[in-house]
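Based on the hints, put chain B in the right spot on chain A.
Heads up: the protein sequence lines correspond to chains A and B, in order. For the record, in the first sequence the residue sitting at position 37 is 37 according to our numbering, with numbers rising by one throughout. For the record, in the second sequence the residue sitting at position 151 is 151 according to our numbering, with numbers rising by one throughout.
Simulated from the structure, these hints should not be mistaken for lab results. Take the hints with a grain of salt, since some may be wrong.
Identical chains blur together in the list; that is why a pair holds if it fits in one copy or across any two.
[What the hints assert, rightly or not] In silico EDC-like links for lysine to aspartate or glutamate, alpha-carbon gap of 16 Å or less:
| id | residue 1 | residue 2 |
| --- | --- | --- |
| 1 | K154 | E222 |
| 2 | K158 | E138 |
| 3 | K33 | D135 |
| 4 | K161 | E219 |
| 5 | K33 | E132 |
| 6 | K33 | D134 |
| 7 | K89 | D70 |
| 8 | K108 | E46 |
As the structure is a computational prediction, the values presented were derived from the model and not from experiment.
Protein chains: 2
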Amino acid sequence: MIEVVFFDLDDTIADTSVLAERARRNAIENMIKHGLPVDFETAYNELLELINEYGSNFSRHFDYLLRRLDIPYNPKWVAAGVIGYHNTKFTQLRDVRHARKTLIRLSKAGYRLGIITDGDPIKQWEKILRLELDDFFEEVIISDFEGVKKPHPKIFQKALKVFGVSAGEAVMVGDRLYSDIYGAKGVGMHTVWFRYGKRRNAELEYREYADFVINDLLELPEVLEVLNGGEGSNKEVHAGG
Amino acid sequence: MIEVVFFDLDDTIADTSVLAERARRNAIENMIKHGLPVDFETAYNELLELINEYGSNFSRHFDYLLRRLDIPYNPKWVAAGVIGYHNTKFTQLRDVRHARKTLIRLSKAGYRLGIITDGDPIKQWEKILRLELDDFFEEVIISDFEGVKKPHPKIFQKALKVFGVSAGEAVMVGDRLYSDIYGAKGVGMHTVWFRYGKRRNAELEYREYADFVINDLLELPEVLEVLNGGEGSNKEVHAGG
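Pulled out of the complex, with its shape left as it was, chain A reads as follows (with noise of 0.2 Å):
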């Protein structure tokens, strides 16, 4: 019997890729608005190009980018792209579409949830507290705080040894293959890959790791009924494999 129903954070409850999209761009138009003297395009470029190369966490993508752009360091424009970049962010976090009825239904049904993410934990934590999802997770398990990234094995065995529950009572739902799907499956946990967002059209290496496939969160009850030998027709929940 599934007891427990882990879930990635990020484009799987929390919907960040386009989020992050979205703040990068007025970051950049704030900074131009403000006087940064080069066209959007050459800008928003290099910026992807910066976090492709220090990551999405450095502290100091735009300082970099007038470094990149060989344009004379000015604090007003670094500000400017603080403050786009802030006030998106900060406005326009939403959960994915479905996220916050799933949890509802699944808590009801009587599954303990929790979180496993990658990323920065305080970050993290912010997400969730700005979401209000805190209630519906009994643990959030941060790999940062491990030592170790998404598909590490140890992560995924800390989830299962804070929850008390072997891996066989435990589904992973994450929109990753490599790192959810792949990294559950590796100690012995129950899959399903969410289909979605930037990854939804992910190359298929690793899609044999996942027993299920869904397109929608909503189709997580059913999946769990098909886990448990309930009655529930799987004609819509694609077995992967």
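The following block gives chain B in isolation, referenced to the frame of chain A:
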């Protein structure tokens, strides 16, 4: 003749002390709301002590607060603090009463305006841009950029040089007797002490360096008339010294 009016930023143009206090209170309240096991007064007073010791620009206030309270680290509580703090700072920043009205009047009267401020350049610019006051000021001179703090003469001399005026053609307006008034007088500027906020009842040690004392920024046009030998009555402008 006075040509340039320089303003301090914090608690002269941007109403930041009140805001910072409110932001800190909201941070603690949000941490407690999310389970921080300590009463408000204990946590708040510990935070004030910490800020006193590490400075207000220290980036790890909430981390360190948990350490000081002997509470095990929990990124959820740090995130709750960050959210409470940022939500307040980003939504409740206001200009000081009559600041905008005064800036408009001085602009219309032909004065050139500048800001001379301490603090982190990006954070200072954030305040100016969020208040949408940037178009009033020809230049913003930030002491951190010069490697000094007010009342060091370098920052005031830099301001005069950037504007291309002599000290006698410039007035400095600020709420800090030591940083703003003593500092500006040291290079020969005219000085106006703005009695405002937590420093309105400051000790009188440096008060002799204030040529004028005002309680409302709208008194400034009259001060300037007096300095320029105009017809303005000076009965509500208290000459200092």
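So which of those numbered hints doesn't the model satisfy? Going through the list in order, the structure violates hints 1, 4, 7 and 8 and respects the others.
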